[in-house]
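One letter stands for each residue in the lines below.
Protein chains: 2
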Amino acid sequence: MVDIATRVWNHKWRIDPIVRSLIDTDFYKLLMCQSVFRNKPDTQVTFSLINRTASVPLAKLIDEGELREQLDHVRSLSLTRGESTWLRGNTFYGKRSMFRPDFMEWFENLRLPPYELERVGDQYELTFEGSWPEVMLWEIPALAILMELRGRAVLNDMGKFELQVMYARAMTKLWEKVEHLRQIPDLRIADFGTRRRHSFLWQDWCVQAMLEGLGNNFIGTSNCLIAKNRDLEAIGTNAHELPMVYAALAEDDAALAHAPYNVLADWHEEHDGNLRIILPDTYGTEGFLKRAPDWLAGWTGIRIDSGDPATGAETAIKWWKDRGEDPTKKLVIFSDGLDEQKIVELHRQFQGRVRASFGWGTLLTNDFRGLAPNDGLAPFSLVCKAISANGRPTVKLSDNPNKAMGPAEEIARYKRVFGVGEQTRMDVVV
Amino acid sequence: MVDIATRVWNHKWRIDPIVRSLIDTDFYKLLMCQSVFRNKPDTQVTFSLINRTASVPLAKLIDEGELREQLDHVRSLSLTRGESTWLRGNTFYGKRSMFRPDFMEWFENLRLPPYELERVGDQYELTFEGSWPEVMLWEIPALAILMELRGRAVLNDMGKFELQVMYARAMTKLWEKVEHLRQIPDLRIADFGTRRRHSFLWQDWCVQAMLEGLGNNFIGTSNCLIAKNRDLEAIGTNAHELPMVYAALAEDDAALAHAPYNVLADWHEEHDGNLRIILPDTYGTEGFLKRAPDWLAGWTGIRIDSGDPATGAETAIKWWKDRGEDPTKKLVIFSDGLDEQKIVELHRQFQGRVRASFGWGTLLTNDFRGLAPNDGLAPFSLVCKAISANGRPTVKLSDNPNKAMGPAEEIARYKRVFGVGEQTRMDVVV
Chain S
2 MVDIATRVWN HKWRIDPIVR SLIDTDFYKL LMCQSVFRNK PDTQVTFSLI
52 NRTASVPLAK LIDEGELREQ LDHVRSLSLT RGESTWLRGN TFYGKRSMFR
102 PDFMEWFENL RLPPYELERV GDQYELTFEG SWPEVMLWEI PALAILMELR
152 GRAVLNDMGK FELQVMYARA MTKLWEKVEH LRQIPDLRIA DFGTRRRHSF
202 LWQDWCVQAM LEGLGNNFIG TSNCLIAKNR DLEAIGTNAH ELPMVYAALA
252 EDDAALAHAP YNVLADWHEE HDGNLRIILP DTYGTEGFLK RAPDWLAGWT
302 GIRIDSGDPA TGAETAIKWW KDRGEDPTKK LVIFSDGLDE QKIVELHRQF
352 QGRVRASFGW GTLLTNDFRG LAPNDGLAPF SLVCKAISAN GRPTVKLSDN
402 PNKAMGPAEE IARYKRVFGV GEQTRMDVVV
Chain Z
2 MVDIATRVWN HKWRIDPIVR SLIDTDFYKL LMCQSVFRNK PDTQVTFSLI
52 NRTASVPLAK LIDEGELREQ LDHVRSLSLT RGESTWLRGN TFYGKRSMFR
102 PDFMEWFENL RLPPYELERV GDQYELTFEG SWPEVMLWEI PALAILMELR
152 GRAVLNDMGK FELQVMYARA MTKLWEKVEH LRQIPDLRIA DFGTRRRHSF
202 LWQDWCVQAM LEGLGNNFIG TSNCLIAKNR DLEAIGTNAH ELPMVYAALA
252 EDDAALAHAP YNVLADWHEE HDGNLRIILP DTYGTEGFLK RAPDWLAGWT
302 GIRIDSGDPA TGAETAIKWW KDRGEDPTKK LVIFSDGLDE QKIVELHRQF
352 QGRVRASFGW GTLLTNDFRG LAPNDGLAPF SLVCKAISAN GRPTVKLSDN
402 PNKAMGPAEE IARYKRVFGV GEQTRMDVVV
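Residue numbers (my numbering), protein chains in the order written: chain S, 2 to 431; chain Z, 2 to 431.
Be aware that a few hints might be false.
Because identical chains cannot be distinguished in the list, a pair is counted as satisfied if it fits within a single copy or across any two copies.
Unchecked claim - SDA-like mimics (lysine to any residue), calculated; alpha carbons at most 20 angstroms apart, straight line: (1) Lys-330 with Ser-98; (2) Lys-161 with Asp-4; (3) Lys-416 with Asn-403; (4) Lys-319 with Trp-176; (5) Lys-174 with Ile-5; (6) Lys-291 with Ser-49; (7) Lys-13 with Gln-209; (8) Lys-161 with Ile-5; (9) Lys-13 with Gly-214; (10) Lys-41 with Leu-113.
Treat the hints as calculated values from the structure; they're not laboratory data.
Whole structure, please, built from the sequences with the hints as guidance.
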């Protein structure tokens, strides 16, 4: 049944906003934001968009005016009462009042700060400058907007029937992955696909498919809005931006060497249980674990976000054993470049040896490979990162040099300080 | 675009549940429930369905098995986490934590108690017995189920195109009412139509139409689920069941005469501001106000729910003046049998004399008069009331003898105790 009024109404929209809520973002952003708000509120940072896939000419595909309209729309958003009520009142990881009243009051009054946008060749330079707790909240919406505008540019050239078939195929494809994954009885998997999703509605559909197909093995979503709307667990802990900024703020090499542990010391004070997850790879997993204080071995688990995931997990298992911990009680969260085949393999490899868990991102919420003309919707690697803090450049090494970032001389200094030697290069698909 | 999977899925439903949430109910039920939970938790009550429109043969229209399935479905419901979070965390009438932890804990563990259903001639006898705070929560879902099953019985005989046209006409009809009401710049109106709605989806559509057409003049809905989903104010205060049960519990005539004021004394202790609304008509408005203690004149307003509404409002205005109160500061809530023409008239008549406000019920959410064959969807008057408390019959007189209920000798006794003389009979449409 065609609803004529709805169709006409749809045609009257000035824009179709991509991000319509400040909680249409990853849960860990909010956890980190509260931590930053508490521990480093006055830090001045710059975040910048980085397209690691130069072959995707974003500025040729996306109209600058449309991009500005979408970014401006995000700046017009503020927390709604229902969103605030949910954040204040919901239980997260079994804990009530995760977000403290002073943080919530600040958040309720927040509008996102200005952005700077410039076209340079076929790419956009998009940067955000200001106080850390405000600027950091741009990362996810900025990425979601660019991903979806690139998608819309491709969809614009497709006819109605083509579109219908394309989505039918994409749904079929995802459902086949889900059917594959439901063979694993004790799987634990979450949606981590907000930042590089095809669109909000598509992500929401993917979440429904996971829920429908995997039941309780689907443990939740990183997307707060979807978690709220669908009464799911909001999932996430912390990310590289914390050690990157803490490290940039270090006054000398000795302070630098200690910075990543300071992050986790602050986190330790605030959180327990499943929120105590180590992200060890910012400046090389190997050295990080070797020099880690003993209390860190008592944490609940580790998240493997770069390098070969099996190697990373083996390194963690060995480290726990060395520190007298029982790896079978520990959580290993795989979250880098997963697809269903990789998930099945990793699960098989580590079954019974650790408690494995999976944060499935881009290839859950944006796998349109082979479905659009000229493979125009193939995934690409777009990030938005802190590039400086209080005027000093940030550095990330990671366990894959293709994911490293920062000025060359600073990378060299960090490698020296953190004792990072030879690393294996791996293609970054997403 | 037809979604084949959805259509097939729809055909697989065993039942289409009419009430899907324990907060798909009127807000005042929850306020009263908390008050009862606090003040009279051990009272044993019986609630019973009463069809005041004998010409609508409910047992001929509605299949007993389907009715039982719907009632059983309500018994399977419990408060979801999101619902509990909203009740615990939301602000109601500007107040946070309206619902206290002990009440919420009880509510979170609640399942509705059993029902008794029997067919007697062309009507159903449907009764609920047990502790007051549990049984009282049956009223709204029971009414909504019977209203909607009656509607479905009629819709079952209509074809697809007929249905499409019928809903298009119903929407047009409501939108015309809304356009009429938007002429009143300072209107204050709320949706009170849960219990006798056409269906949940239709009520939800009506709320959207009010919101769209009236903006801030639409002040909210009595339906908690819709208020939650649409981030609206949940509206409501208290109802006749409180004085009816308090009165039934009175040990003698002196205690009986005082019972309605005890209700409001308990309420006074708990609530302030816009929740201090007198409902004076249970045993006759005239006498109730005459004998009211002075502190009651300080309350925010009055709700007129039976008799001629203009007369009721005039009575209240006179009473406030007699007690030295300024009526222009007082709220008069009209909530009985309203339609848009009546609303316009009442607004005009009391403009500037009191702060008028309207609780629009059946003819907002279930006005399908003239739209179905044989006028099969015309509104009728169905209620679900407390008929006894701790084994004693309850009595309601109201300002319209056609709304009176209770055993004849008890009605006579109440009329004597409350000094109720001649009353004007008025047709009860809804």
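Hints versus structure:
In this homomeric assembly, Lys-330 and Ser-98 never come within 20 angstroms of each other (Cα to Cα): the closest approach is 27 angstroms inside a single copy and 39 angstroms across copies. Proximity of Lys-161 to Asp-4 under the C-alpha cut-off of 20 angstroms is found in both arrangements, the shortest distances being 17 angstroms within a copy and 14 angstroms between copies. Taking the shortest alpha-carbon separations for Lys-416 and Asn-403, only the intra-copy value of 15 angstroms comes in at or below 20 angstroms, while the best inter-copy value is 88 angstroms. For the homomeric pair Lys-319 and Trp-176, neither the shortest alpha-carbon distance inside one copy (36 angstroms) nor that between copies (69 angstroms) is at most 20 angstroms.
In the homo-oligomer, the alpha carbons of Lys-174 and Ile-5 lie at most 20 angstroms apart only across protomers (17 angstroms), although the nearest pairing inside one protomer, at 32 angstroms, exceeds that limit. Taking the shortest Cα distances, Lys-291 and Ser-49 never come within 20 angstroms of each other, neither inside one copy (32 angstroms) nor across copies (72 angstroms). For a Cα distance limit of 20 angstroms, the shortest separation of Lys-13 from Gln-209 across copies, 18 angstroms, qualifies, whereas the shortest one inside one copy, 29 angstroms, does not. For the homomeric pair Lys-161 and Ile-5, the shortest alpha-carbon distances inside one copy (17 angstroms) and between copies (17 angstroms) are both at most 20 angstroms.
In the homo-oligomer, the alpha carbons of Lys-13 and Gly-214 lie at most 20 angstroms apart only across protomers (18 angstroms), although the nearest pairing inside one protomer, at 37 angstroms, exceeds that limit. In this assembly of identical chains, the alpha carbons of Lys-41 and Leu-113 lie at most 20 angstroms apart only when taken from the same copy (18 angstroms versus 50 angstroms across copies).
Violated hints for the displayed structure, listed by number in ascending order: 1, 4 and 6.
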